[in-house]
Amino acid sequence: MQRRNFLKQLGTAVAISAVVPAVSFAGSAPKDKNKMSFKVAVDAITGGKTPQKSAKVHLKVPEIAENGAVVPVTVDVDSPMTTRDYVKAIHILSGKNGNARCIDVNLTPANGKAMFSTRIKLGGTQDVTALVELSNGDFLIASQSVKVTIGGCG
Amino acid sequence: MEARKSLIKIKPKKFKDGDIVKVSFMVMHPMETGLRKDKKTKKIVPAKYINSVKFNYNGKEITNMTVWESLSVNPVFTTYMKVNGKGNLSVTYTDNTGEVNEKSKKIKPKG
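Respectively, the protein sequence lines represent chains W and F.
Number 154 marks the last residue of the first sequence (my numbering); no jumps.
Number 1111 marks the last residue of the second sequence (my numbering); no jumps.
It cannot be assumed that every hint is accurate.
Straight-line distance between alpha carbons at most 27 Å, and here's what the computed DSS-like set of lysine-lysine pairs gives [unchecked claim]:
| no. | chain 1 | residue 1 | chain 2 | residue 2 |
| --- | --- | --- | --- | --- |
| 1 | W | Lys56 | F | Lys1022 |
| 2 | W | Lys96 | F | Lys1009 |
| 3 | F | Lys1060 | F | Lys1016 |
| 4 | F | Lys1042 | W | Lys88 |
| 5 | F | Lys1054 | W | Lys35 |
| 6 | F | Lys1016 | W | Lys147 |
| 7 | F | Lys1108 | F | Lys1042 |
| 8 | W | Lys113 | F | Lys1037 |
| 9 | W | Lys53 | W | Lys8 |
| 10 | W | Lys35 | F | Lys1048 |
| 11 | F | Lys1014 | W | Lys113 |
| 12 | W | Lys96 | F | Lys1039 |
| 13 | F | Lys1009 | F | Lys1082 |
| 14 | W | Lys96 | W | Lys35 |
| 15 | W | Lys53 | W | Lys88 |
| 16 | F | Lys1022 | W | Lys35 |
| 17 | W | Lys35 | F | Lys1110 |
Simulated restraints on C-beta separations [unchecked claim]:
| no. | chain 1 | residue 1 | chain 2 | residue 2 | range |
| --- | --- | --- | --- | --- | --- |
| 18 | W | Gln9 | F | Pro1046 | 24 to 32 Å |
| 19 | W | Val40 | F | Thr1041 | 33 to 41 Å |
| 20 | F | Lys1086 | W | Asp78 | 29 to 37 Å |
| 21 | W | Pro80 | F | Ile1008 | 20 to 28 Å |
| 22 | W | Arg84 | F | Lys1014 | 49 to 57 Å |
| 23 | F | Arg1004 | W | Arg84 | 35 to 43 Å |
| 24 | W | Pro62 | F | Asp1017 | 30 to 38 Å |
| 25 | W | Pro80 | F | Met1028 | 35 to 43 Å |
Derived list of chain W stretches under chain F, where covered just means 3 residues or more per stretch with a C-beta under 8 Å from a C-beta of chain F [claimed, not checked]:
| no. | stretch |
| --- | --- |
| 26 | 57 to 67 |
| 27 | 88 to 100 |
| 28 | 119 to 129 |
Think of the hints as simulated: they come from the structure by calculation, not from any bench.
Where a beta carbon is used, it is the ideal one built from N, C-alpha and C, also for glycine.
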């Protein structure tokens, strides 16, 4: 392939990929009382406590998501899940979505294993955070940035 | 109230009493955020998303979830469950428009 042709094709490809998301995901965002920024959401969950970063929380998210409309998220926590020591809740939060809160999962010892997985929408490149509440009242946190090439919100 | 297509999957298929099994629940649901515009009519599509999911096993609640609009279309909820005798696993899910649906599956441990 000639260099000139290659550059032409590259140019059109970039132009198409730049136009498509702008057209397909265009829309206005009305104000909603449901909307929570990331900081407000974390404060609302923890009630002022500072969550600790922990290696016990395994957050599995793709580093690059081609389509922001479907991003698989898996949160796995090392916990014995007995009646004395178990994971009370797993919260999945997004850094820059209109509403930072995606899902709150309240677990019980009957689950046997502290794991949850789902698929979320991301509006653009941002951090995905898993906030874990333990039965003794402590909060653990783990986050990872996800690069989104096509946004999926709004 | 329309019935939605939904599915409860348990992995592995054969399990014994006391085993910890993976439970997946899938629903066909549009999960509209209320921000999207219809391309043809250019009107905002009203919000319609699941806001609560509950897993009940033999009448005891094992997991409950509060959901917001930023979950994908046709969402999947996967978690684990400890098998504790024969029984019924039922999943109840509620919409922000007030739609309530339920799906259940029989649990039959072998051996």
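_Violations among the numbered hints_ = 2, 4, 6, 7, 8, 9, 16, 17, 18, 22 and 26
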